[in-house]
Structures are given as structure tokens and as C-alpha cells.
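Asker: As a plain string of letters, each chain reads:
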Amino acid sequence: MRYLLRRLLLVPVPLIFVIAFVFVVLRLTGDPVAIYLGLDATPEQEAVLRAELHLDKPVIVQFGYFLADLAQGDFGTSIQFKRAAMEVVMERLGATLQLLVLGLALAILLGIPAGVACAVYKDKLPDFALSVLAVIGQSMPSFWLGILLIQLFALDLGWLPTSGRGGLEHLVLPTVTLATFLVPNFILVTRVSVLETMREQFVVTARARGAGAARALWRHVLPNAINPVVSLVGLQLGRLMGGAVITETIFAWPGVGRLMVSAIFQRDVPIVIASVFIVAVTIILANLLVDLVQAAIDPRIRLR
Amino acid sequence: MKRFLVAIGAMALAVGASVGASLAQTPKDTLVIGAAVFSDSISPAAGGYLTLSFVYQTWEPLVARDADDRLVPALAERWEAVEPTKWRFHLRRGVKWHDGTPFTAADVKFTIDYVTNPQTVYARKSRIAGVVGTDIVDDYTVEIRTATPSALLARGLADIAIEQKATTEKLGIKEAHRKPIGTGPWKYVEWVAGDRYDLTANPDYWGGPPAMKNLRLRSLPEGATRVASLVAGETHIIEEVPVDLLPSIEKRRNLKIDAVESSVSLVLSFDVRKPPFNDLRVRQALDYAIDKKTMLQQMLGGYGSVLDGQLVTKSTFGYNPRIQARPFDRAKAKALLAEAGYAKGFDTKINTMQGRYLSDVDIANAAAGMMTEVGARTTVNVLEGAVWAQLDRARDQGPIYQVGWFSVGDADFNTVWYTDGSKRNYWSNAEFNKLWEEARSTLDEPARLKAYNRMMEIMHEEVPSIFLFGLPRISGRSASVQGWQPSRDSLLRLHKVNVK
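Going line by line, the protein sequences match chains A and B.
Take the numbering used here: the final residue in the first sequence is number 304, and no numbers are missing along the way.
Take the numbering used here: the final residue in the second sequence is number 500, and no numbers are missing along the way.
Keep in mind that the hints were calculated from the coordinates and are not lab data.
Among the clues, some could well be false.
[Unchecked claim] Quick look at which bits of chain A chain B covers, simulated, 3 or more residues with Cβ under 8 Å:
id, region
1, 150 to 157
2, 162 to 175
[Stated by the list, open to error] Computed far set for chain A versus chain B, every beta-carbon distance over 10 Å:
id, residue
3, L15
4, F63
5, K124
A virtual CB, placed ideally from N, CA and C, is assigned to each residue, including glycine.
Taking the hints into account, I'd like the entire structure generated from these sequences.
Answerer: Following this line, the structure appears as C-alpha cells:
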């Protein structure tokens with residue numbers, strides 16, 4: 001419990017570093033006034049907007065203003081949307097979380113059983129076939145896969161909509177695209193972890209004392225092999241977010257990923273920071289959850 | 001094998017979803033558009049020219065452009081100059097706002113006053129920059145005064161949406177811009193940022209009710225997805241068909257391509273201040289080196305047009321019919337380079353953005369290849385938009401940069417970028433500057449045309465840019481769609497579109 005508290009207390013530190021870095025890089029590489037007003041703006045208009053956004057001050061002073069607002073929970077007003085940045089991001093968060101949770105769930109559902117199958121049938125046909133699939137899956141760009149899926153299921157078969165957010169049927173293709181991006185890692189890590197555990201003495205002993213292969217796997221191997229896979233979930237979240245950006249673009253999914261990318265191009269700093277903040281908080285909280293799950297599974301962590 | 005795994009996963013989910021799938025079909029009376037660029041906002045003050053495509057579903061200007069960039073009456077039925085610096089607009093009677101209240105001169109004065117207020121941040125305010133005041137003559141007549149005679153006032157007003165005084169004053173500009181109450185053919189229903197804009201027909205529209213009951217504009221930024229949505233029947237019309245996907249639409253009988261030459265002129269501009277492009281012969285040589293006709297076929301699917309050796313397209317006011325593009329002539333290009341002392345060639349580069357204009361990077365690459373053939377060894381440098389904007393302001397785009405200039409129908413709007421006043425020009429010509437000023441401050445149309453014609457001649461001789469293409473707008477539609485035509489200015493005009 002104290003371990004958890006310490007982790008919670010440290011949460012703001014990486015957040016402030018990430019935000020400072022994003023802020024400075026965005027401000028130094030592009031002028032939001034120029035982008036927002038277009039090329040034919042009058043100097044007067046520019047001056048008004050520049051003062052409104054504190055852009056007439058040095059970057060370090062701008063960052064001071066920004067932190068002061070942030071301390072009051074104010075992420076500033078979006079340059080593109082002319083609304084509170086956090087409000088805009090929160091509107092889109094639901095769509096992205098839906099995609100992330102479902103994609104992750106599907107990846108776990110497919111990846112872990114496949115990984116176990118590989119380990120159990122090591123060096124036999126299932127292992128070979130699934131491992132090859134995993135390698136192919138890992139090297140296949142999501143972008144291409146998404147378009148192939150649209151071609152097959154939306155155009156040729158006509159079963160599913162091509163894009164957009166709506167009912168359940170709109171979720172299928174984006175979820176599968178996102179999951180495919182993750183499944184290979186789950187297969188490979190589960191496979192290695194189960195194989196290693198199977199060589200442990202307690203498993204050998206269990207078998208020697210007469211436990212059947214199924215029982216040994218279910219009672220002795222899996223509970224011990226699952227932890228590295230659970231920590232993989234935490235590690236994958238960052239990658240998953242990257243995958244979500246691509247998936248959201250192909251399927252015209254109105255999520256945070258696409259919002260963030262377009263905000264970067266527009267140098268809409270408040271939106272970028274609000275979304276980076278939310279994504280970072282999500283990842284940190286999810287990692288805490290992963291730690292809790294691990295502790296629940298493995299008494300050794302609990303007692304540490 | 002991979003696909004097999006994916007297929008299993010997809011099918012598992014599809015079973016659960018197939019029940020709901022029938023509900024996903026769009027209702028029959030809704031027109032669905034797949035928009036390539038989805039505006040971040042529906043506020044008339046917001047940045048980005050294409051915001052107007054969304055704004056003008058609900059709001060209207062005094063004077064509108066039609067799909068061919070001609071000026072047509074909108075909220076003003078007619079207009080005339082009563083003095084060189086005073087225009088009178090006669091407003092349409094019987095027009096109602098979406099809340100049922102009548103539209104009057106007070107709304108016009110209110111809008112123009114707040115747009116021209118120096119404190120207001122309003123993206124397109126420079127379109128009516130010379131306006132100094134608006135006077136209400138009676139409920140249906142207003143007079144707009146300008147500092148100097150302004151031939152372009154009516155054209156500029158086409159980019160200014162007239163807003164309702166009462167609502168805006170009551171709610172404040174920010175709130176009023178979130179849920180538009182306009183006079184236009186469609187009424188606001190719901191705006192879901194990044195996803196869709198839903199509207200419903202305005203039965204009391206002065207131009208007659210729209211042909212369809214409802215309208216949905218969907219955000220489909222990815223070209224392949226946009227085409228897929230059209231093929232699957234989820235959208236009726238899509239904007240901006242990517243050139244490499246044209247065949248997938250052309251081969252289907254139930255789909256049609258509509259293309260129009262836009263008023264965007266794609267050019268390659270030189271930094272004429274530095275060698276080698278300070279030498280006119282070098283600039284002319286590269287103009288001869290590029291096979292524009294072949295490029296139009298290959299990179300733009302044969303749609304759009306090769307510019308006639310001048311900045312503006314044929315449909316733009318100011319077009320000079322006596323000028324022709326320099327022919328493709330490699331020998332002449334090489335000879336000119338040798339004459340300028342570059343017989344051994346030189347190294348140079350083209351700066352371009354990606355995805356800003358149709359096939360932009362492909363066109364830059366092809367041009368670079370053709371320039372290299374004659375000895376100007378050219379590489380292409382793809383820049384991100386914000387970096388581009390910074391270089392542009394610093395006037396530091398490098399030796400050659402590719403850009404598309406919008407004219408929206410009048411040469412004034414795109415020739416400005418070659419004048420000293422623009423502060424973005426690399427090339428400078430005193431006669432050109434003077435003609436530009438004169439043309440915009442006289443109401444004498446033949447005199448204006450003459451000035452622009454002469455300006456086109458100067459540019460043709462001096463080659464500040466290689467004039468490549470009038471870029472096409474290529475849209476795709478279902479064959480059941482009637483009354484649709486893509487607009488030269490790329491705004492969506494959907495009032496008369498019907499789906500059979």
C-alpha cells in the first residue's frame with residue numbers, strides 16, 4: 001500500500017516534464033498566429049491575437065502564464081475551436097477509450113491462448129504456424145491492414161460500415177485493426193514466459209508427483225507465467241495510443257488521437273497539452289492498475 | 001495466413017454486430033457528404049478558408065459566388081455604386097432567420113461593424129479591409145462606405161456571413177457561433193467535432209426548400225476511406241477523390257466522377273534574389289524544361305488544366321487570352337542554361353507541403369525529375385505546414401517552392417502575392433505594383449481587365465514562377481445523385497441536390 005502511495009505521489013513529476021517539453025518544442029517550431037490567421041492576415045489582427053495568447057512575451061514567460069493557469073485546472077482556450085481545450089479533449093476521450101479498451105481486450109483474448117498453445121506444442125505445427133503469423137502481424141502496417149479490412153468486410157462482403165462512429169457494427173473493424181497491432185507481442189511474450197515456467201523445478205516436481213499435463217499447466221504454470229504478460233499490458237499502452245492515431249485516421253473515428261495530431265499541425269498548444277496530459281494520466285493510472293493486478297495474482301509482490 | 005486470423009476475429013465480432021448493421025443504413029431522406037477537410041468550427045470568424053463550406057450551410061452573405069465563381073444575389077437582391085466610395089445594397093424582402101424573425105438592414109450593419117472593428121479577430125476580415133462605415137437607409141437598404149474606390153467590395157462581401165443582431169447580442173459571439181441561427185437553406189441540428197455535422201432543411205428558405213429533408217456532412221480525412229464509403233453506399237457525394245483511386249470509381253457503373261477546374265493555380269516560385277534564379281534565362285529555361293501536359297495526365301488524371309503561361313485560370317477575371325504557355329522544349333532549355341553560364345548545370349531544391357494540394361508531392365517530384373534532365377539537379381524537400389508558414393513569413397522558402405494561389409474568381413486576390421505590399425514576394429516589379437494598385441481602386445471594369453492583362457504579360461516575360469496547373473476539384477458521387485456540381489471555389493452548394 002505504501003508502495004502504491006509513493007507511486008501516486010510521483011505521478012505529477014513526469015507529467016510536468018512532458019508538458020514543459022511539449023510546450024517549448026511546439027512554440028519554437030511554429031507560430032500559431034500565422035497558422036490560425038492564414039497568410040493574408042493584417043498586422044493589426046495578428047497583434048490582437050498575439051496579445052490574447054500572450055505570444056508577445058518570451059517563451060519562458062509564456063510557460064509561466066501557462067503553468068499558473070494549469071494550477072487552477074485551466075488548460076487554456078483552443079486556438080482552432082475557440083473553446084476550453086480540456087472540454088474539447090474530454091468530448092473525444094470516450095471514443096478513444098472505447099477503442100483502446102476493446103482493442104486491448106481482443107488482443108489479450110486472442111494473444112494469450114495462442115501464446116500458451118505455442119508453448120505447449122513447442123516446435124510442432126501450431127507453434128510454428130502461430131509464431132510465423134505473429135511475425136507477419138508485427139511487420140504489417142496497421143494502415144494497410146485497415147484498408148484491406150475495409151475492402152473485404154465493408155466493400156466486398158458488405159457486412160460492416162467502412163468508417164465513422166455509430167452502433168456496435170462501427171466498432172468491429174477499428175477494434176480488429178488495433179488488436180492485430182498488439183496480438184503478436186502477446187503471443188510471443190506468453191510463449192516465452194510459459195516455456196520458461198514449464199522448465200521450473202516446481203512444475204517438474206508436480207508432474208513427477210503425478211499431476212496431469214492439463215492440471216500442471218492450469219494450476220502450476222499459468223499463475224506463475226502470467227505476470228510478465230500482465231506487465232506487457234502496461235508497457236503496450238503507449239504503443240496502443242500510437243496505433244489509435246492511425247486507426248482513428250483510417251476509420252474516421254472522432255477520437256483524441258486524431259485531434260492531437262491535427263492540433264500539432266495547427267500548433268494549437270492548449271489542445272496538444274490537454275490531450276498529452278489526459279493520455280499520460282490514462283497511461284499512468286492504467287499502469288498502477290496493472291501493478292495492483294500483479295500484486296493480486298502474485299503474493300510475492302504483495303508481501304514485498 | 002494473417003488475414004485468416006484477422007478474419008476469424010472480425011467474424012466473431014461481426015456475428016454480434018450483424019443485428020445492428022441494418023440500423024446503420026442512412027435514412028432515405030438524408031443527403032450524406034464525405035468531406036475531405038472537416039472544419040474545426042462552424043464559426044464565421046474561424047480560420048481556414050474551407051470553414052466557409054460549413055458556415056454557408058446555415059448562414060449567407062449579402063452577395064454570393066455561384067459554383068463558377070460568378071457573383072449572384074444572396075441576401076442583397078441588387079447593388080450599385082452611388083459614389084465611387086459608397087455602395088448601396090438593396091436587401092431581399094421577406095427573408096426570415098431560422099427563429100422566425102425577419103432579416104433587416106440592422107443585421108447587416110451589425111455584422112459589418114463587428115467584422116471591421118480592429119479589435120475583432122475574424123479570419124477573413126481582410127476581404128473587406130477598405131470598409132470605413134455602414135449606414136442604414138431604411139429596413140431594406142444599406143450603404144457601405146469605403147476609404148478609396150473599391151471595385152472588389154461585392155466580391156469581398158461574398159466571404160462574410162451576415163449574422164443575426166438579436167441572437168448575437170443576447171448570447172455573445174462565442175455562443176451564437178456554436179449553434180447558428182442563419183437565413184440559409186439548412187438549419188443547425190448537431191455538430192460533433194471531428195465526426196459529423198447534421199442539418200435539416202429550412203422549409204421557409206427564400207430560394208425554396210432544399211430538395212432533401214436532411215443533410216449530414218461527415219469527416220472522412222483519409223482518401224481511401226472516403227472512396228470506400230462512397231462505394232459502400234454510405235455517402236452520396238465525396239470531395240477530393242485521390243488521383244490514384246480514380247479508376248476504382250470510374251469502373252463502377254453506379255458511381256460518377258465530376259471534375260471542375262478550380263480557381264487554385266499551382267505554381268513553382270523562384271527566389272529571384274539569388275543565383276542562379278536571378279538570371280531570367282535560367283527561369284525561362286526551367287519553364288521550357290517541364291512537360292506540363294504529360295504531368296497533367298499522369299499526376300492529375302487529365303482533370304484540371306495547364307495554365308496558359310499566366311497566374312490565373314481561364315474562368316478568372318483578368319485572364320489574358322493572348323498568352324500561351326511556353327512549350328516543352330528540352331533543347332531550348334539546355335541552350336538557355338548554357339547561355340546563362342550553367343552549361344554544367346547546378347544543384348537546387350523544391351520546397352513543398354504534403355497533402356495541401358492535390359498530388360502536390362508527386363507533381364514536385366515529377367518537376368524535379370524534368371529539371372534534372374536539363375542539368376538543374378533538383379531535389380524535393382517536403383515541409384510540415386507550420387514550418388512552411390514560418391519560412392513563408394521570413395521570406396526564406398529556398399530557391400524554388402511550390403504553392404497554390406486562390407483567386408476565387410478575380411485576379412486581384414492572387415496577383416497580390418507578387419506585389420511588394422504582400423511582404424511575401426521574392427520578385428518585385430514597379431510597373432506590376434502600380435497596375436495592381438490602380439486595378440483595385442477603379443470601378444471601371446474594362447480598365448481593370450486591361451491592367452490585369454498587362455500584369456499577366458509582365459509575369460509571363462519575367463517568370464517569377466513557373467505556372468503549372470489550374471488544379472481540378474474531383475468529386476465522386478452515386479449515379480442516383482442529381483443536381484450536384486463541384487464548385488470552383490470548393491465550397492459545398494447542396495441546396496438543389498437530390499437523391500433519386
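Asker: Any of the earlier hints contradicted here, and which numbers?
Answerer: Of the numbered hints given earlier, the structure breaks none, since each of them holds.
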